[in-house]
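> Residue numbers (this note's numbering), protein chains in the order written: chain X, 1 to 232; chain W, 1001 to 1078.
Please note that a few of the clues may not be correct.
Claimed, not checked - For lysine to aspartate or glutamate, the following EDC-like pairs were computed, each having C-alpha atoms within a straight-line distance of at most 16 angstroms:
(1) X:Lys44 - W:Glu1073
(2) W:Lys1061 - W:Glu1047
(3) X:Lys177 - W:Glu1073
(4) X:Lys229 - W:Glu1073
(5) W:Lys1029 - W:Glu1042
(6) W:Lys1070 - X:Asp173
(7) X:Lys163 - W:Glu1042
(8) X:Lys170 - W:Glu1073
(9) X:Lys41 - W:Glu1073
(10) W:Lys1038 - W:Glu1073
(11) X:Lys174 - W:Glu1073
(12) X:Lys38 - W:Glu1073
(13) X:Lys43 - W:Glu1042
(14) X:Lys230 - W:Glu1042
(15) X:Lys229 - W:Glu1042
Note that these hints are calculated values from the structure, not bench results.
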Amino acid sequence: MINILFSPRWFYGKDIMIDAVSVIVLAFISYITFRYYKINKNKKQHLSFSIATGLLALSFIFKIITNFTLYTFELHTKNFGLLTFTYQTVEASNTLFLVGTLLYRFLTLIGFYLLFSTYYNEKQKPVFLIMSYFIFVATYFASQAYYVFHLSAFLFLLFIVKKYFDNYKKTRDKPAKLIFASFIIILISHAIFIFVELEHLLYVVAEITQLLGYTMLLISFITVLRYGKKKK
Amino acid sequence: MLSAIQTKGGRIKPTHLMYKANLSNEQMKSYLEELLDKELVERIKSEKDNTYLIITNRGDKFVQKLREMKQFERSFGF
Chain X
1 MINILFSPRW FYGKDIMIDA VSVIVLAFIS YITFRYYKIN KNKKQHLSFS
51 IATGLLALSF IFKIITNFTL YTFELHTKNF GLLTFTYQTV EASNTLFLVG
101 TLLYRFLTLI GFYLLFSTYY NEKQKPVFLI MSYFIFVATY FASQAYYVFH
151 LSAFLFLLFI VKKYFDNYKK TRDKPAKLIF ASFIIILISH AIFIFVELEH
201 LLYVVAEITQ LLGYTMLLIS FITVLRYGKK KK
Chain W
1001 MLSAIQTKGG RIKPTHLMYK ANLSNEQMKS YLEELLDKEL VERIKSEKDN
1051 TYLIITNRGD KFVQKLREMK QFERSFGF
């Protein structure tokens, strides 16, 4: 049986709350940027940014559903303590884990790839198809080696962060600096997730870092809106 | 054009707008028609029978959205 839970028992539910915050932040950004796209439909970058953040929000929803069900199963197993029943429950949660986690990982990597391609201009159909295939392969192999998924996400994020750093150097404005900082924190959270199999406490550290990253991203986005309102 | 009206306190004469927005007469006519159609701008007559263009609430909100969008593009490096 594969190891399906990385969270320490005392952290059950808290990680779901953290992921829920990430969903809210990403869905909000996706909605606002989609409205920008509707103002000017020639700006495809806005659409791809909106879809990317929307997919990331959706991926977190799958993570939440998977974890919520798994934690509930875990607790039931503990309460009843019947051997046959326990066995069936774990089998069911194993299947759920595989489907839910595959969807979470696939959508996350597609989301980050789309965000990456928003900046690196690789939108021709063959490139997109081949990348989707490799993302699918990475997602599949990540079920055997958990770190492959976070390593792939880390690599996409690394290049995205580079773009935000370049942009900050160019504009030197506060919102660009905040955006760069929030993506750095999200990048760090994925770097920590890579090592979760070695020490489960790192899962807690990574989740808290993720919370910081997405909270900061929300603050950055609100700052962007405020700066936009101020400019006359 | 909307920004030009805003900087004039929300009310401007059509000819002044044309110069301020640096438009030809033809461009001015076609753009203005679109703005009037979309209810972003209104045409009014003053007591002295002069024609003025005023920006509507909708127009104000639209300009606001555009500014936010511009800042978004700048901050996210588009």
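> Against each hint, give a clear statement of whether it holds in the structure.
Evaluation of the provided hints:
Using a Cα cut-off of 16 angstroms, the hinted pair lysine 44 (chain X) and glutamate 1073 (chain W) holds, with the two alpha carbons roughly 12 angstroms apart. Of the pairs offered as hints, the one joining lysine 1061 (chain W) and glutamate 1047 (chain W) is violated, with about 28 angstroms between alpha carbons and a cut-off of 16 angstroms exceeded. With a C-alpha separation of about 14 angstroms, the suggested pair lysine 177 (chain X) and glutamate 1073 (chain W) falls inside the 16 angstroms cut-off, and the hint holds. A hinted pair counts as satisfied when its Cα atoms are at most 16 angstroms apart, and lysine 229 (chain X) with glutamate 1073 (chain W) qualifies at roughly 14 angstroms.
A threshold of 16 angstroms between alpha carbons decides the hint, and for lysine 1029 (chain W) with glutamate 1042 (chain W) the separation of about 14 angstroms falls inside it, so the pair holds. With a C-alpha separation of about 13 angstroms, the suggested pairing of lysine 1070 (chain W) with aspartate 173 (chain X) holds against the 16 angstroms cut-off. Distance restraint check for lysine 163 (chain X) and glutamate 1042 (chain W): the Cα-Cα separation of roughly 43 angstroms exceeds the 16 angstroms cut-off, and the hinted pair is therefore not satisfied. Taking the CA atoms of lysine 170 (chain X) and glutamate 1073 (chain W), the gap is about 13 angstroms. The hint holds against a cut of 16 angstroms.
Using a Cα cut-off of 16 angstroms, the hinted pair lysine 41 (chain X) and glutamate 1073 (chain W) holds, with the two alpha carbons roughly 14 angstroms apart. For the hint pairing lysine 1038 (chain W) with glutamate 1073 (chain W), the CA-to-CA distance comes to about 25 angstroms; that exceeds 16 angstroms, so the pair is violated. For the hint linking lysine 174 (chain X) to glutamate 1073 (chain W), the alpha-carbon distance of about 14 angstroms falls within 16 angstroms, and the restraint holds. Using a Cα cut-off of 16 angstroms, the hinted pair lysine 38 (chain X) and glutamate 1073 (chain W) holds, with the two alpha carbons roughly 15 angstroms apart.
With a C-alpha separation of about 28 angstroms, the suggested pair lysine 43 (chain X) and glutamate 1042 (chain W) falls outside the 16 angstroms cut-off, and the hint is violated. Only pairs whose Cα atoms come within 16 angstroms are accepted, and lysine 230 (chain X) paired with glutamate 1042 (chain W) is rejected, the gap being roughly 25 angstroms. Only pairs whose Cα atoms come within 16 angstroms are accepted, and lysine 229 (chain X) paired with glutamate 1042 (chain W) is rejected, the gap being roughly 23 angstroms.
Checked against the numbered hints above, the structure violates hints 2, 7, 10, 13, 14 and 15; every other hint is satisfied.
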